[in-house]
Amino acid sequence: MRTRGAILLANIITGLTLGYTVSNIGFGDYTELNRMFTFQDLRMLLSFAGAVVIIICAFALLRVRRTPGRIHAGVIPGAVLFGTGWAISGGCPAIPIVQVASGYLPALITIVGVTVGIRLCRWANARYFHLDRGSCGL
Amino acid sequence: MSGYWPWWAGAAGLALITINYALTTDRSFGVSSAWDRVLHWRRERRLERMDEEFTDERALAEALAAATAEHFGTGPAAPTVPPVGYGTSQLLETDAEPSASEDTSVTSPGPAPLVTQAALLVSIFFGGLIAAVTSGRFHLRFDMGPGFRNVVTANPTTMTVLLFVGGVLVGFGTRLAGGCSSGHGLNGCGRLRLVSLVATAVFFGTAVAVSFLLWKVI
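These protein sequences, in sequence, are chains A and B. According to this note's numbering, the residues represented by the first sequence are 1044 to 1181, in order. According to this note's numbering, the residues represented by the second sequence are 26 to 243, in order.
No wet-lab data here; the hints were simulated from the structure. Some hints here could point you the wrong way.
[As the list claims (entries may be wrong)] Residues from chain B that keep clear of chain A, each with C-beta distances beyond 12 Å, as calculated:
1. 52
2. 75
3. 79
4. 85
5. 89
6. 92
[Said to hold, decoys possible] Now the stretches of chain B that chain A is said to cover, found in silico as 3 or more residues with beta-carbon under 8 Å:
7. 41 to 49
8. 150 to 160
9. 167 to 174
10. 191 to 198
Ideal Cβ positions, reconstructed from N, Cα and C, are used throughout, including at glycine.
Looking at chain A on its own, in the form it has when it is part of the complex (with noise of 0.2 Å):
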């Protein structure tokens, strides 16, 4: 099953499952987030801490290939942008999507910004930053 026209579908189930799951967890609401990010209650974060250690044993046991990664420059300033942004605006690249859906209008302001971020790094890693395009995906 990897014919363009599977890769579609696959990404069509991926999506609409992906939004479905995401929003009747409670990623889309603020309140909740902020209560995971502040301990106040683990659920959200067990909900993403179990997933992970559940993909951890699945792809072991299925011998899912394995993809080493290198830690390059823009890993870690970038993943602290990236935590104050969501914590400020409670959106990962996902989630103001979902939040839209869910009728949070100003959310479109968010992905706004979202799409802002985006082309500005890229346009800065040409300028300035000039780290590997292979390894930090931009």
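For chain A, the structure is supplied; the task is to place chain B on it using the hints.
Frame of chain A, contents of chain B only:
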């Protein structure tokens, strides 16, 4: 609060989505890389066309080499050009893929076609919409809810500025780090990639620190 799923159901759901995608496509999905590729669709389309032409030329060269070898009774020569498509130079565009220099022992299928990345983003919207409507949580509103109002700000202008700045940080940061909570967090950590484990620890740790600041200090 509220009718959200218990933690084990959420964990099972996220895990099933990630495992299913890996098994059916032999790839990892990453929402930030999907955004990146869709936003730069002109360049991505050009690269895809170049990749298709390159593949055709390679196939032609290999067929000619095989025909020559058959005619002269010698073994086919190895291709002089290594089989590297444009995907190899942007493997982390799918967030959890290595570069060729990092792992030459495995052959990557390359990034998913551009149209599939756009479909992923659109489908996330409809998945979220179905969840919100069927659970009764869908309400059109011009604020971000009581949590944002109490913890961050109730002022609409400040809210607009903060959402925009937060979005820019998310977009810039995820592409600089090479992935987000799906690419690094689920797919990368699931494969025990060191870079993903480090990135996830750092972005979660930072989000915790900033959230405590917002909650307790600001």
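Hint check:
1. 52: 8 Å, violated
2. 75: 15 Å, holds
3. 79: Residue 79 of chain B clear of chain A: closest Cβ-Cβ about 17 Å, beyond 12 Å.
4. 85: Since the minimum Cβ distance to chain A is about 21 Å, residue 85 of chain B lies beyond 12 Å and the statement holds.
5. 89: About 27 Å separates residue 89 of chain B from the closest Cβ of chain A, which puts it past 12 Å; holds.
6. 92: About 28 Å separates residue 92 of chain B from the closest Cβ of chain A, which puts it past 12 Å; holds.
7. 41 to 49: holds (count 9)
8. 150 to 160: holds (count 9)
9. 167 to 174: holds (count 7)
10. 191 to 198: holds (count 8)
In terms of the numbered hints stated before, the structure departs from hint 1 and from no other.
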